[in-house]
Amino acid sequence: MAWNQKISHRLSAASQRRANFAAQRRRAAYLFILPALIVLGLIGLYPLLYQVYLSFTDWYLLTSPEPIFHGLRGFERLVTDPVVWASLGRTVYWTVGTVVLELAMGMGIALLLNRRTVINGVLSALILLPWVAPSIVVALTWRWLLDSEYGTLHYILQSLDLAGRRSLLGSPATALAVLTFVSAWKGTPFMVIALLAAMKSIPHELYEAASVDGASALQKFWYIMLPLIRRTAVAMSLVLGILAFYSFDIVWAVGKGGPADSTTLIGVYLFRNFFERKEISYAATIAVSMLVLLLIFSAIYVWVFRQRDS
Amino acid sequence: MFSPKTRTRVIDIGLQALTVVVVAAMLFPIIWLYLTALKPQGQMFDHPLAVIPRTFTLENFGRIWNTVGFPQAFVNSLMVAAVSSLVSTILSLLAAFSLSRFEYRLKNSFSLLILGMQMLPGIVIVVPLIITLRGVGLTNHPAGLMVSYLLLQMPVAVWMLKGYMDDIPVEIDEAALIDGANYRQLLRMIIAPLMLPAVVAVGAFAFMLAWGEYIFALALITSTEARTLPLALQNAFGQFQIDWGMLTAGGAIIAMPPTVLFIFFQRFLVSGLTSGSLKG
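Chain order of the listed sequences is X and S. FYI, in my numbering the residues of the first sequence are 1 to 310. FYI, in my numbering the residues of the second sequence are 1001 to 1280.
Derived from the structure by calculation, the hints contain no laboratory data. These figures come from a predicted structure and were not determined experimentally. A virtual CB, placed ideally from N, CA and C, is assigned to each residue, including glycine. It is possible that part of the hints are untrue.
[Said to hold, decoys possible] Distance ranges between label pairs, derived from CB positions:
{"#": "1", "chain 1": "X", "residue 1": "211", "chain 2": "S", "residue 2": "1181", "range": "47 to 57 Å"}
{"#": "2", "chain 1": "S", "residue 1": "1109", "chain 2": "X", "residue 2": "85", "range": "29 to 39 Å"}
{"#": "3", "chain 1": "S", "residue 1": "1171", "chain 2": "X", "residue 2": "256", "range": "54 to 64 Å"}
{"#": "4", "chain 1": "S", "residue 1": "1055", "chain 2": "X", "residue 2": "117", "range": "32 to 42 Å"}
{"#": "5", "chain 1": "X", "residue 1": "299", "chain 2": "S", "residue 2": "1171", "range": "32 to 42 Å"}
{"#": "6", "chain 1": "X", "residue 1": "227", "chain 2": "S", "residue 2": "1047", "range": "48 to 58 Å"}
{"#": "7", "chain 1": "S", "residue 1": "1225", "chain 2": "X", "residue 2": "256", "range": "16 to 26 Å"}
{"#": "8", "chain 1": "X", "residue 1": "220", "chain 2": "S", "residue 2": "1196", "range": "33 to 43 Å"}
{"#": "9", "chain 1": "S", "residue 1": "1055", "chain 2": "X", "residue 2": "295", "range": "53 to 63 Å"}
{"#": "10", "chain 1": "S", "residue 1": "1020", "chain 2": "X", "residue 2": "256", "range": "32 to 42 Å"}
{"#": "11", "chain 1": "S", "residue 1": "1041", "chain 2": "X", "residue 2": "31", "range": "18 to 28 Å"}
Just chain X, same shape as in the assembly:
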């Protein structure tokens, strides 16, 4: 029986070593991720939870130096605030408009760039420049282009009878539509690149087989390409839609939500409450409500993909 004992002894020593090794591995795994988690916890998670607390308080800097708990009254004010609903309406218009324009322009440009030529390789890199441009530069550049006296684009639009003497950005009737276009202009490159990557991953044989069967170019687009890039198009629409819903910077930099509140998106209204009116707790209430909407959006996003995958 000695050999038996010997083997079991060896086995337990080996499993001991393995256990030590596993513990060491686990410790290393946690140590490596710890610094990032601490930073994200301090500047991400903690402020987020603090904001939830603030949303249940009353904190108006001009009357009280400290937040005072007052339950759901902030949310009551929110749902009865007509400016919130008006801003939300504009934000929905803005979001849907941005995504539809991004899809349309992105699909068109991606189709044009999909033919493999040297020039298209260069253009595919350059097309990203609007997306990379800092938002303050985008905002001011479009203000200049649409300037009612010297703006190049304003001059063109005016000669086409699409603009009057006033800048399109200066009139409450047109400012939101124009800025929605600017927002789509900035986001389209990202859509182009994603769609282009999806188009290029389609095997060439599929088109060739369809050609042999006598399919037209339109049929090839409709029956081969479109089903294969649909997943990418849906995913990008959701990502860019979420980005658009929380837009703030371009609108603020162009005209702080004006003229006459016509471009006051929900994000602009949040910032105005915080920055100009010092109504900190109300800004937090708006932010928390927007976050709840984000969670719902994300859940839809995940759900759509589960459906697709199964």
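Keeping the supplied structure of chain X fixed, place chain S upon it in accordance with the hints.
Okay, now just chain S, sitting in the frame of chain X:
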């Protein structure tokens, strides 16, 4: 009338021309910005359609540079973007190593937390973040911005770096570990050097995110000394409305670094960003 071959040739050239025109139209606002920045003051308001200057000048750049606070804002932007991108790239590399190479119980929760932070739009975190930073005395100080920008940079940097790291075969790790390397050495001496171009590209992307950032800077900085470039340009825009040459030169100075960095690192960033956002 034409042979089929000439016909496809004509269509090819036509489509190529159309592509160039469409992309040029998309880029027009950016081209306009640079051309206007290079236009002499005397030609500025000749005609709205006279986009291309008859002669080129750099005097606009000199004027914006001599505007009060602009050089200081340039230094602030450079410092804030450089430090925050360096710190976030290092921390993200460590985190990506943990997520790419180890299996552990809380991994999924950690991934979810980082993903959640990536989805978090700046506007919904700005209020409590500013109050938190105010609580520790970091308002009106570039350090406050450096810290805030880690929040923008780290989540996306972690995902991109993890993506590139996953492509490095685990066999390399095993070989290094058998040779007696510890995990720190494995990351520092084997994995990081292998993916160095990707690490640099992610660092450049983090730099771009911080360089032109607007919301946090707007909410956190009110003093002239602590201003970054976007705020300095906005301020100059309010003061010198009619000096388009000077203001477009300022815009060009802000737009140029991200543009150059992006074109330079384009290949790494495009694949990382599109696959990252689709996986996410």
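Each hint tested on the structure:
1. X/211 - S/1181: 47 to 57 Å: holds, 54 Å
2. S/1109 - X/85: 29 to 39 Å: At roughly 37 Å between Cβ atoms, residue 85 of chain X and residue 1109 of chain S fall inside 29 to 39 Å, so the hint holds.
3. S/1171 - X/256: 54 to 64 Å: This hint holds: roughly 57 Å between Cβ atoms.
4. S/1055 - X/117: 32 to 42 Å: About 35 Å separates the Cβ atoms of residue 1055 of chain S and residue 117 of chain X, which means 32 to 42 Å holds.
5. X/299 - S/1171: 32 to 42 Å: Holds - the Cβ-Cβ distance for residue 299 of chain X and residue 1171 of chain S, about 39 Å, lies within 32 to 42 Å.
6. X/227 - S/1047: 48 to 58 Å: Given about 50 Å between the Cβ atoms, the range holds.
7. S/1225 - X/256: 16 to 26 Å: holds, 24 Å
8. X/220 - S/1196: 33 to 43 Å: About 42 Å separates the Cβ atoms of residue 220 of chain X and residue 1196 of chain S, which means 33 to 43 Å holds.
9. S/1055 - X/295: 53 to 63 Å: With a Cβ separation near 56 Å, residue 1055 of chain S and residue 295 of chain X satisfy 53 to 63 Å, so the hint holds.
10. S/1020 - X/256: 32 to 42 Å: holds, 38 Å
11. S/1041 - X/31: 18 to 28 Å: With a Cβ separation near 59 Å, residue 1041 of chain S and residue 31 of chain X fall outside 18 to 28 Å, so the hint is violated.
Checked against the numbered hints above, the structure violates only hint 11.
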